[in-house]
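Undergrad: Whole structure, please, built from the sequences with the hints as guidance.
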Amino acid sequence: MDALSEAFRLIITLDADLFEILLLSIRVSLIALAISAIIGLPLGSWLAISKFPGRKFCILLLNALMGMPPVVVGLIVYLLLSRSGPLGWLGLLYTPSAMIIAQAVLITPIIAALSNQVIENLHQEYRDTFYSMGITGRRAVVAYLVDARYALTTCILAGFGRAIAEVGAVIIVGGNIDHLTRVMTTAIALETSKGNLTLALGLGAVLLSLSLLVNALVIGVREYAAKRQYA
Amino acid sequence: MDALSEAFRLIITLDADLFEILLLSIRVSLIALAISAIIGLPLGSWLAISKFPGRKFCILLLNALMGMPPVVVGLIVYLLLSRSGPLGWLGLLYTPSAMIIAQAVLITPIIAALSNQVIENLHQEYRDTFYSMGITGRRAVVAYLVDARYALTTCILAGFGRAIAEVGAVIIVGGNIDHLTRVMTTAIALETSKGNLTLALGLGAVLLSLSLLVNALVIGVREYAAKRQYA
Amino acid sequence: MNTLRNANMPNPLLPISIRDLRLTRSDRPVLGGVNLKIDDPGITVIMGPNGAGKTLLLRCLHGLITPDQGFIKLGSLAVADSRDEQAMVFQHPVLLRRTVLQNLAFAAPEIAKTAPERLIQALESVNLANRADQPARMLSGGEQQRLSLARALLSEPALLLLDEATANLDPASVLLIESLVKAQSLQGTKVILVSHDQSQARRLADEIVFMSNGKVAEQSPADQFFTTPQTPAAKAYLAGEILF
Amino acid sequence: MNTLRNANMPNPLLPISIRDLRLTRSDRPVLGGVNLKIDDPGITVIMGPNGAGKTLLLRCLHGLITPDQGFIKLGSLAVADSRDEQAMVFQHPVLLRRTVLQNLAFAAPEIAKTAPERLIQALESVNLANRADQPARMLSGGEQQRLSLARALLSEPALLLLDEATANLDPASVLLIESLVKAQSLQGTKVILVSHDQSQARRLADEIVFMSNGKVAEQSPADQFFTTPQTPAAKAYLAGEILF
Amino acid sequence: QSTTSTQNSGLYDYLLPIQEKDTGVEVHVVAVGTGQAIKNAMHCDGDVLLVHAKPAEEKFVTEGYGDYRRDLMYNDFVIIGPETDPANVGGAQNVIEALERIKQSGAKFASRGDDSGTHKKERSLWQAAGIDPDTGSGQWYLETGSGMGATLNTGVTLSAYVLTDRATWITFANKQDATILYEGDASLFNQYGIIPVNADKCPSVNQEAAKTFAQWLVSETGQAAIGAYQVDGKQLFFPNAN
Ligand SMILES: Nc1ncnc2c1ncn2[C@@H]1O[C@H](COP(=O)(O)OP(=O)(O)OP(=O)(O)O)[C@@H](O)[C@H]1O
Ligand SMILES: Nc1ncnc2c1ncn2[C@@H]1O[C@H](COP(=O)(O)OP(=O)(O)OP(=O)(O)O)[C@@H](O)[C@H]1O
Ligand SMILES: [Mg+2]
Ligand SMILES: [Mg+2]
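As they're listed, the protein sequences go chains A, B, C, D and E. Each residue of the first sequence is one higher than the last, beginning at 1 in the numbering used here. Each residue of the second sequence is one higher than the last, beginning at 232 in the numbering used here. Each residue of the third sequence is one higher than the last, beginning at 463 in the numbering used here. Each residue of the fourth sequence is one higher than the last, beginning at 707 in the numbering used here. Each residue of the fifth sequence is one higher than the last, beginning at 951 in the numbering used here.
Because the hints were derived from the structure by calculation, they are not lab data. Just so you know, even glycine gets a beta-carbon here, dropped at the ideal spot from N, CA and C. Careful, some of the hints might be misleading.
Here are some chain B residues the structure puts well away from chain A; computed CB gaps all over 10 Å [as the list claims (entries may be wrong)]:
hint: 1; residue: S236
hint: 2; residue: D248
hint: 3; residue: G285
hint: 4; residue: W320
hint: 5; residue: R358
hint: 6; residue: Y362
hint: 7; residue: V373
hint: 8; residue: F391
hint: 9; residue: V452
hint: 10; residue: Y455
For lysine-lysine, the following DSS-like pairs were computed, each having C-alpha atoms within a straight-line distance of at most 25 Å [unchecked claim]:
hint: 11; chain 1: A; residue 1: K227; chain 2: B; residue 2: K282
hint: 12; chain 1: B; residue 1: K458; chain 2: A; residue 2: K51
hint: 13; chain 1: E; residue 1: K1071; chain 2: E; residue 2: K1009
hint: 14; chain 1: B; residue 1: K287; chain 2: A; residue 2: K227
hint: 15; chain 1: E; residue 1: K1161; chain 2: E; residue 2: K1004
hint: 16; chain 1: D; residue 1: K779; chain 2: D; residue 2: K921
hint: 17; chain 1: E; residue 1: K1070; chain 2: E; residue 2: K1004
hint: 18; chain 1: A; residue 1: K56; chain 2: B; residue 2: K458
hint: 19; chain 1: D; residue 1: K888; chain 2: D; residue 2: K743
hint: 20; chain 1: E; residue 1: K1161; chain 2: E; residue 2: K1125
hint: 21; chain 1: E; residue 1: K1053; chain 2: E; residue 2: K1070
hint: 22; chain 1: E; residue 1: K989; chain 2: E; residue 2: K1125
TA: Structure representation (C-alpha cells):
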C-alpha cells in the first residue's frame, strides 16, 4: 500500500509538520483524558456506592451521555467560548485549550459510566464489609478506585480511544488551523475532503500505531504491577 | 431557548423529514449494534477465558482499536465498497447498509474490549469451579455472557452511544444524502455548516432525548429482570 | 475508635431487645417473628440448623438488613446509631486486594498513623505477623478468618458479632481465637457468636439462643441448654437429628 | 458423565502417587516436597494446621495448580487426563448466578436433558428440593455447601476431593453429608477430604494424612493415628497446641 | 473565517507565508462553508471574512457586522461528471441546457445542499432552468449536505454530475474517471469577497491586523501573488480587486 509507505516515509524522515500534528493530538487527548478521569472516576465510583433518590437517574443520564454527538458537544463549547458567549473573554476559541475542553466534556460521561459499572460489581462484594467497618464517602470512593484499578484501566483506555479518534467536536472548537489546532483526525478529514484518500489512510495508520503504543504502555504497566503484586 | 422550541415544534408537528432522519438513525445504529454485539460479546468473553500465545496481544489490539478514528473506518469501508473496490459489485456504497457496516466495524472492538474486562473479572471468581466442572469453550463463553448480563448491558450501551453519536464514518460511506442516507448526526453537521447553530443544537437535543429513551428502556429492563430474580 | 473498654463500665449497647422481627425473601418468611432479649454481658452463642435465620438475625442487628417489620434496640440506641460501636466477622470474610498489614491499616487509619505497632501486635495475636506483607487474598481459608477477626477487634467494639468465625480453623487456632474472644468479652465487649460447634459452645457460651425456622425456639443459660434442652427441636438438633 | 460406579470395579485413578511436589509462592516454599502414596480405596482424610498446604495439595491433584516441581500420577493417568473423572468441592463454594436447579442442570446438561428427575433426586439427597427455584446465591452458607456437594456427586467421579465441605453445616447436615460421602465411597469412588473436625475424621476416615508446614508429616490408618500419633507435630495438633 | 474551497485549493498555504513576510501579520485560517463562516463572524469569532456569496455578504455589511466588502478575486464553476457523459452535457449550448439534459437523461446529480456559496449558485442555476430538483431528492438529485471535497468524493463514486469551482476540482485528488464536461458559461463566474469584521459590533476583533491583512490582499503585491498561484500549471484564481 503506497498510503502506508507514504505515511511511514513521513515518519521516517521525521517530517516536522507530521510530528507537530501528532504531538498536538496526543497532548490534547491526554490532557482531556486526565481531566475526565479526575472527574469521571470519582463520580462513577461515588454513584455506584451512594444512595439518594435521583441516583438511578444520574446513572441513566451518564449512560445516555455516552451517546452525546461530538458535533453537539462542539457546538455547545463553541457557543460558550465564542467571543460573544459567556466565556468569550477567555479568548480560548480556536486554541488547543478549547479542544481539550470539548474532549473532556465528551469523554467524562464515558469514563464515569463505565467506571460506575466496574465499581458497582466490586461494591457487591465489598458492601457489607465496608458498611460494617463504617467506611463511607471519600474513603470508600478512594478504596474502590484503588482496588478496582486494573479493571478501571480499560475504562480509561476506552475514554482515550474516544478522545484520540474524535474529530467532530475538535474541528468545531479548534477550527483545524494549521500549526495551531490541527490534529491527526482533522488532518485526516482535510486530506479526505481534498480527495487524498491514500494519504488520509496513511495518517490513520500512524494514528492507530500511536494509539496502539499508548495502549501497550498502559496495559504493560498494568500487567507489570499485577505481576509484582501477586507474584 | 428557541433552538429547543424549534426542535420540539418539529417533533410535535410530526415533521416528516425529521422523523425519516430519526428513524434511519436509530435503525442504522441498532442494526450495527446488534451485529457488533453478536461478534463482540463472544469474542471478548472468549479472549477473557482462553489461553493461547497471542491472547494478550489480541486484547491489546482490541483496546487500541477502540481508538480507531471513524474517518479512517469510513475510508476503509469506502475503499472496500467503492465501485473499483473488492466489494464494489455489491453496490452498497451510499446506502444505509454501508453505514451499518462502517458502524459495526467501529463499535465491535469497543464492545469486545469492554466485555472482555467484565468477563475477566467474573472469570477470576468462576475459573476454578468451571475448570473443575470441565466447562470450556462454547459452554463457558455462553455461561459467562449469561451470568454477566447485567454488567454487559453497560458495555452494550457504550457501543450504542458511540454508534448513535457517530458522524465521521457514516458521512463518508453514507454521503449524508437527503432522503437516502441522512441521519441525525450528519444533519446536525449540515445545519452547523449552514450556520444554523440553534437548529443544530435543537436536533442534538432530540438525538440526546432519543438516546436517553433507549438507555432508559435498556436499564429499565435490566432493573426489572434483576428485581424479579432477586426479589 | 473507642477508648479501651473496661469490664466495670456498663456496656452502652445492653440490653439488646428484639421484638417481632419479620423478613420475607423470595416469598418465604425467612424470619418469622423473632423475639429476643439479651440483658447480660458475656458471650451469647446462637445455634440452630442451616437456614434457621442465624446469619439474617446478625445482619439485622448489624444494620445490614432492614427488617420488613419489627423493632430492635441496643441499649438506648437504634441500630443505625450503634453502628460505630459494633464489629462483625462474616461467615465468608472479604479482604481488600491489598497486603495483610494494609488491610488492618485501612480498617483503622488512626491507629495506623498514631500507633502502627498496635497493628503488628494485632497480627501477632492471631499468629499472622510473619505474613504482614503478603497479599491478603492469597492467605489460606483459616488465615483469612483470623485476619478478619483481628480487623474486627481493632476497633474495640461494644458489640462483637461473629458468624461461624472458627469454622475453617485448625484446633489450635480455634483455641487461640476462643481465648481472644473470651478476653475481649472480659474487657466488657458483648459477644454474639453463631456456631455449629457444640464443644465450642460449651467452652464459651454464657447463654445459648437456639433458632429454628426463622424463630427463636429457646433461650437458656449454657449449662442448662446442654443438659436439659427445653424444646424438642433443640433436643433433636443436639442429637444430630434432621429437622427440616 | 461416567456410568454408575461399582465397588467391584477397580478404581482407575488408584493408586495416587505424589513425589517431591514443590511450590513457591511470594518467595515462600508453600509446598516443600510432598511425598504421598494412596493405594487403597475408601476415605482419606487430610488434617493439619491452617496454612499447612492442604488446599494447595488438593488443587495440585485436581490440576488447578501446576506445581513448580514434582510428579503426580493417578493410576496410569497424568493429572490432565484424569480431570473428567474427578470432582471437587471447594472451601468456599462458587455458585452460578442462577437458580438452585439451574446450577445442577448446568453442571450436568446431559442428565438435565435425559433424566431431569435425577436432578430433583440430587436436591432431595441434600435436603434442598424445596429450594429448587430460588437464586442459588441467596442460600445460607450451609445450604450453599450442600448444593455444591450435590453438584459434585452428579458426575459420579472416580475421585472426589472435599475441602472442608462440612465446615459450615449444622450437626444434622454434617451427618447427612457424611452418609452421602460414605455411600459414594462404598460405590467405589475414592474420597479425599480435608477436615479440621476430629470427630468427623474418626467417623469417616480409613486413613489419615497429616500435613504440616508444606509437607506430609504422617500417614497412618485412622485408628492408629488417633490413638498413637507417630510425630510430635500430630500429637500437638490433636491436643490443640499451637504449632506455627 | 474562510470558505472551504479556498483552503482545499492550497491557496492559503501558498499565500500566507508571502503575506506574513510582507506585513508581519500572522493569519489563522478556519475553513468552513460560507454560511457557517458568516454566522461565526456574527458571533465575532473571526477578524476577516473571505467568502463567495455576494448577496449574503452585502447583507452582512449592511447590518453592520462588516466594515466594508471588496471584491478580491474570482474563479469559475465547472460541471464535472463521468467521462462517458451519459447526459451529453458536453454538447450543451449553455449551462441551463446542460442542467436540463442531466434532468432528462435520468443521470444523477450530486449537490452540496449545505447553503454554501457554491450551493446557492447551483440552486440559482436550477431556478433559471425552471427545474425544481427537490422533487427528485434522494433519487437522482443527491443533496450530500457536505463540503465541496466530500461532495466530489460522493459524486465521482456514484458517477454523478457535480457543479464545482474549478480550483477545488483541479486540486482534487480522487478524480477516478470523472472529468470536466461543461465550462465557460458567463453565468458560472464566481466572485470572492473580503470583509474585515466591524470593531464596533465586535470590540474583540484584531482590528489593526485585520485591516492590514485585508488591505494587503487587495494591494498590488497581494493581487499579483494571487494571480501567480498555480497548480499543475493552471491558474486557479483571477485577482480582480476594485
Ligand atoms: N435474599 C434471599 N432470598 C431468598 N432467600 C433468602 C435470602 N436470604 C436468605 N434467604 C434464606 O433465608 C434462610 C435463612 O438464611 P440464613 O443465612 O440466616 O441461615 P443461617 O441460619 O445462617 O444458616 P447457616 O447455618 O447455613 O449459615 C435460608 O434458608 C436462606 O436460603
Ligand atoms: N498465591 C499465593 N501467594 C502467597 N502465598 C500463598 C498463595 N497461595 C497460598 N499461599 C500460602 O500457602 C499456604 C498454604 O495454603 P493452603 O490454602 O494450602 O492452606 P491450608 O492447609 O488449606 O489451610 P486452611 O486450613 O487454613 O485452609 C498458606 O500459608 C497461604 O498463605
Ligand atoms: Mg449463616
Ligand atoms: Mg484450606
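Undergrad: Does each hint hold? Answer for all of them.
TA: A quick look at each hint next to the structure:
With a cut of 10 Å on Cβ distances, S236 of chain B stays outside the contact zone with chain A, its closest approach being about 17 Å. Every CB of chain A lies more than 10 Å from the CB of D248 of chain B, the least distance being 18 Å, so the non-interface label holds. Chain A leaves G285 of chain B outside its interface by the beta-carbon criterion, the shortest separation being 14 Å against a cut-off of 10 Å. Listed as a non-interface residue, W320 of chain B keeps its Cβ farther than 10 Å from every Cβ of chain A; the least gap is roughly 20 Å.
For R358 of chain B, the condition that its CB be more than 10 Å from all CB atoms of chain A holds, with the nearest at approximately 14 Å. The beta carbon of Y362 of chain B is kept farther than 10 Å from every beta carbon of chain A, the shortest such distance being approximately 18 Å. Taking the minimum C-beta to C-beta distance to chain A, about 20 Å, the non-interface status of V373 of chain B holds against the 10 Å cut. The claim that F391 of chain B is not at the interface with chain A is violated, since a C-beta of that chain comes within 10 Å of its own (minimum 6 Å).
Taking the minimum C-beta to C-beta distance to chain A, about 12 Å, the non-interface status of V452 of chain B holds against the 10 Å cut. Separation of Y455 of chain B from chain A is adequate, the least Cβ-Cβ distance of about 12 Å exceeding the 10 Å criterion. At most 25 Å may separate the alpha-carbon atoms for a hinted pair to count; K227 of chain A and K282 of chain B meet this at roughly 17 Å. Between K458 of chain B and K51 of chain A the CA atoms are separated by roughly 17 Å; this keeps the pair inside 25 Å, and the hint holds.
Pair hint K1071 of chain E plus K1009 of chain E holds up; C-alpha atoms about 17 Å apart against a cutoff of 25 Å. For the suggested pair K287 of chain B and K227 of chain A, the alpha carbons sit about 14 Å apart, so the restraint of at most 25 Å is met. In summary, the hint linking K1161 of chain E to K1004 of chain E is supported, as the alpha carbons are separated by about 20 Å, within the 25 Å threshold. Our distance criterion of 25 Å between C-alpha atoms is met by K779 of chain D and K921 of chain D, whose separation comes to about 18 Å.
Taken as a hint, the K1070 of chain E and K1004 of chain E pair is honoured in the structure, with Cα atoms around 10 Å apart against an allowance of 25 Å. This hinted pair checks out: K56 of chain A and K458 of chain B have alpha carbons roughly 14 Å apart, not beyond 25 Å. Simply put, K888 of chain D and K743 of chain D have alpha-carbon atoms about 21 Å apart, close enough for the 25 Å limit, and the pair holds. A hinted pair counts as satisfied when its Cα atoms are at most 25 Å apart, and K1161 of chain E with K1125 of chain E does not qualify at roughly 38 Å.
A threshold of 25 Å between alpha carbons decides the hint, and for K1053 of chain E with K1070 of chain E the separation of about 18 Å falls inside it, so the pair holds. Between K989 of chain E and K1125 of chain E the alpha-carbon distance is near 32 Å, which puts this suggested pair outside the 25 Å criterion.
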